[in-house]
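Undergrad: Below are the chains, spelled out letter by letter.
Number of protein chains: 2
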Amino acid sequence: MSESSVRNMQFFTAFTDEPLPLDGGQLLSNVTISYETYGTLNSSHSNAVLVCHPLSGDSHASSLNTPGDPGWWDTMIGENKPIDTNRYFVICTNVIGGCKGSTGPASINPLTQVPFGLNFPVVTIGDMVNVQYELIRHLGIDVLHCVIGGSMGGMQALEWAIKFPNHVRSVVPIAATARLSPQSLAFDAVGRNAIILDQSWNNGFYYGLTDQPEKGLAIARMIGHITYLSDEAMTLKFGRNLQKKTDYGYDFSTDFQVESYLKYQGEKFVSRFDANSYLYLTKAISYFDLYKKYDGLENAFKSSTARFLIISISSDWLYPSKQSKDIVKSLMKINKDVSFAEIQSPYGHDAFLMPCPDLEQLVTHFLGHHVTS
Amino acid sequence: MSESSVRNMQFFTAFTDEPLPLDGGQLLSNVTISYETYGTLNSSHSNAVLVCHPLSGDSHASSLNTPGDPGWWDTMIGENKPIDTNRYFVICTNVIGGCKGSTGPASINPLTQVPFGLNFPVVTIGDMVNVQYELIRHLGIDVLHCVIGGSMGGMQALEWAIKFPNHVRSVVPIAATARLSPQSLAFDAVGRNAIILDQSWNNGFYYGLTDQPEKGLAIARMIGHITYLSDEAMTLKFGRNLQKKTDYGYDFSTDFQVESYLKYQGEKFVSRFDANSYLYLTKAISYFDLYKKYDGLENAFKSSTARFLIISISSDWLYPSKQSKDIVKSLMKINKDVSFAEIQSPYGHDAFLMPCPDLEQLVTHFLGHHVTS
Chain A
0 MSESSVRNMQ FFTAFTDEPL PLDGGQLLSN VTISYETYGT LNSSHSNAVL
50 VCHPLSGDSH ASSLNTPGDP GWWDTMIGEN KPIDTNRYFV ICTNVIGGCK
100 GSTGPASINP LTQVPFGLNF PVVTIGDMVN VQYELIRHLG IDVLHCVIGG
150 SMGGMQALEW AIKFPNHVRS VVPIAATARL SPQSLAFDAV GRNAIILDQS
200 WNNGFYYGLT DQPEKGLAIA RMIGHITYLS DEAMTLKFGR NLQKKTDYGY
250 DFSTDFQVES YLKYQGEKFV SRFDANSYLY LTKAISYFDL YKKYDGLENA
300 FKSSTARFLI ISISSDWLYP SKQSKDIVKS LMKINKDVSF AEIQSPYGHD
350 AFLMPCPDLE QLVTHFLGHH VTS
Chain B
0 MSESSVRNMQ FFTAFTDEPL PLDGGQLLSN VTISYETYGT LNSSHSNAVL
50 VCHPLSGDSH ASSLNTPGDP GWWDTMIGEN KPIDTNRYFV ICTNVIGGCK
100 GSTGPASINP LTQVPFGLNF PVVTIGDMVN VQYELIRHLG IDVLHCVIGG
150 SMGGMQALEW AIKFPNHVRS VVPIAATARL SPQSLAFDAV GRNAIILDQS
200 WNNGFYYGLT DQPEKGLAIA RMIGHITYLS DEAMTLKFGR NLQKKTDYGY
250 DFSTDFQVES YLKYQGEKFV SRFDANSYLY LTKAISYFDL YKKYDGLENA
300 FKSSTARFLI ISISSDWLYP SKQSKDIVKS LMKINKDVSF AEIQSPYGHD
350 AFLMPCPDLE QLVTHFLGHH VTS
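Which chain is which? The protein sequence lines are A and B, in order.
So for the first sequence, numbering that gives the first Met the number 0 puts the first residue at 0; every next one is plus one.
So for the second sequence, numbering that gives the first Met the number 0 puts the first residue at 0; every next one is plus one.
Everything labelled a hint here was simulated from the structure, so no lab data went into it.
Backbone N, C-alpha and C fix where the C-beta goes; we use that ideal spot for every residue, glycine too.
Check the hints yourself; a few may be wrong.
[Stated by the list, open to error] Below 30 Å or equal to it, Euclidean Cα-Cα: the simulated DSSO-like pairs (lysine-lysine) are:
id : chain 1 : residue 1 : chain 2 : residue 2
1  : A       : K321      : B       : K236
2  : A       : K236      : B       : K291
3  : B       : K236      : A       : K236
4  : A       : K321      : A       : K292
5  : A       : K291      : A       : K328
[As the list claims (entries may be wrong)] What follows is a list of derived Cβ distance ranges for each label pair:
id : chain 1 : residue 1 : chain 2 : residue 2 : range
6  : B       : K267      : A       : D294      : 32 to 42 Å
7  : B       : I107      : A       : L208      : 47 to 57 Å
8  : A       : R271      : B       : Q112      : 42 to 52 Å
9  : B       : N240      : A       : L208      : 34 to 44 Å
10 : B       : G24       : A       : R271      : 52 to 62 Å
11 : A       : D73       : B       : T304      : 31 to 41 Å
[Said to hold, decoys possible] Rough simulated footprint, nothing fancy, chain B against chain A, three-plus residues with beta-carbon under 8 Å:
id : stretch
12 : 152 to 162
13 : 279 to 293
Take these sequences, add in the hints, and give me the full structure.
TA: So this is what it looks like as structure tokens:
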């Protein structure tokens with residue numbers, strides 16, 4: 000984390016009197032979330048947009064206040080951008096369970112005065128959203144103009160529409176799903192296993208030690224990256240091109256560009272992410288199941304009053320379009336206000352993090368259509 | 000390996016006078032391959048079928064001679080089965096680089112009298128086939144009736160048709176490809192990384208040590224298993240069912256059946272497979288590229304005289320049907336005798352290892368159509 004983003008980051012601690020009852024049955028007190036804001040809250044407090052980050056994101060979504068320190072959604076947030084900071088007051092929080100300022104497994108456990116490690120309770124997408132709600136109230140906002148996010152961020156948007164129907168006017172879940180398929184569960188499980196089998200993981204209590212579970216985390220990240228891209232994207236980007244070689248090496252060094260890219264992604268990730276947070280967040284994603292939790296999708300959304308814009312990506316095979324369409328069908332069946340767009344892109348699940356004119360246009364129009372001032 | 004299969008296994012050592020020149024430029028002497036045979040070679044030596052195994056297979060393809068010790072292709076090989084041992088003399092060899100009796104990284108290096116480890120040269124599918132050819136000659140066979148195999152075995156069948164056009168009458172590559180896509184390269188690369196990053200791997204020199212790279216190999220196997228099944232197969236088999244639980248555990252134990260299955264597959268594999276062989280065989284698979292090696296597919300097959308039956312599996316996303324169709328198109332363009340069938344199955348890449356009536360019927364008819372006695 001660069002110093003400039005630290006300077007821009009704010010903190011809010013909720014559940015100081017009464018603890019937060021978690022979905023897993025445990026209680027969590029003094030829950031801190033880190034957040035950043037961009038733009039200005041208008042006098043009627045009606046122009047707030049909550050941006051929710053995907054697995055490896057954080058509260059630093061935009062470089063607006065910290066030029067030179069890129070945010071993870073600079074394509075979408077800023078002056079005259081789709082989430083226009085001239086019009087909207089934009090909030091982005093790091094989720095609980097994360098490792099970028101919010102309470103998570105690396106935080107100090109007040110009972111023991113050492114990091115929680117695996118004593119941190121397993122949290123759900125619903126728990127994350129409950130804490131965000133407290134922040135929104137704290138900021139003096141009663142009704143959010145919109146909750147928007149991709150992947151795990153889209154799951155949060157869906158939960159907002161369900162949990163807080165009176166406090167959110169619209170939601171935009173992008174490349175999201177109401178529950179992971181078994182294949183996606185499997186990829187997350189193998190990633191977690193790679194961390195857990197790394198002996199430096201030390202049952203989750205590696206904070207302050209010399210050995211860190213970097214190898215396991217790197218493998219988990221590499222697996223993840225394959226699922227975030229499509230085969231087509233990899234073909235366009237790398238093909239079977241060799242990395243700085245004219246022929247195979249006939250050894251076990253890196254031969255192909257795609258290998259080199261994944262290795263680089265793995266190594267880069269370990270310097271900025273906590274292995275335990277990877278476990279907690281993928282667990283929250285795996286547990287996310289609106290069908291199970293609310294006894295079916297129609298039941299889940301029956302009290303929702305938000306306008307929905309559901310966006311999927313044609314080449315996303317991690318959370319395929321079909322899963323977004325199933326959400327749309329359920330919403331239509333119960334006469335909710337829902338729009339749907341499948342973005343034609345070869346870049347797979349992560350296309351929403353890249354420059355994407357179709358996505359930018361869709362969000363610009365949807366947000367602008369019903370802005371109140 | 001059970002005792003009965005050891006008893007049934009035979010060995011042949013080739014390249015005792017002149018070494019084998021490998022595709023990678025190195026020389027390998029005294030190359031042993033282990034093999035099993037089923038059925039009887041006829042008097043004209045014209046009824047021999049060479050079965051080639053996939054990555055994790057070995058020479059024990061059938062339980063015909065060892066009742067109670069299942070072979071990996073018992074669905075296909077045996078009396079009155081598609082590869083009918085009443086009619087055909089069936090040969091299955093363990094590939095070089097493997098760990099089931101053929102020369103590989105765990106074999107004793109004659110120069111040092113200790114296992115090769117990483118001093119074993121990187122071998123290719125072409126190298127594997129060159130050694131098989133020597134065995135076939137040794138067995139007194141001039142022309143094979145057929146070379147058949149799935150996945151990596153199908154790659155060997157393709158190389159046979161190219162390298163030895165006068166010694167093979169027909170080939171049946173199943174769920175094979177002429178080259179891996181970048182996505183499939185990526186999965187293999189991450190699997191290798193999981194082994195290499197396991198500190199018990201010890202740069203490949205772990206033979207005889209207490210610590211074995213079991214964790215890395217288990218992770219590699221789990222990744223592999225996801226790619227061998229389809230999402231549909233996982234949905235049919237496991238869905239999001241919990242493993243011996245009625246609700247989530249809210250901890251990091253195994254929650255879902257699909258997790259439990261993969262963990263079991265990983266743990267089971269390490270007891271029967273050598274981690275270095277996993278590195279060598281996936282490297283051979285990654286290097287397999289008939290386009291590159293022969294300057295295009297049409298050029299690759301131009302001297303082939305074999306009849307081809309190319310079989311793909313509709314739900315195979317590791318080596319998708321499109322890749323088989325590309326082989327078929329090239330063969331048709333140069334007027335080769337080729338048949339093609341896409342088997343409709345939800346079970347993904349590994350469908351050829353399961354009972355599959357369509358596959359059984361196709362192979363029965365293709366083999367029987369042009370048998371000579």
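Undergrad: To test your reading of the hints: which numbers does this structure violate?
TA: 3, 7, 10, 11, 12
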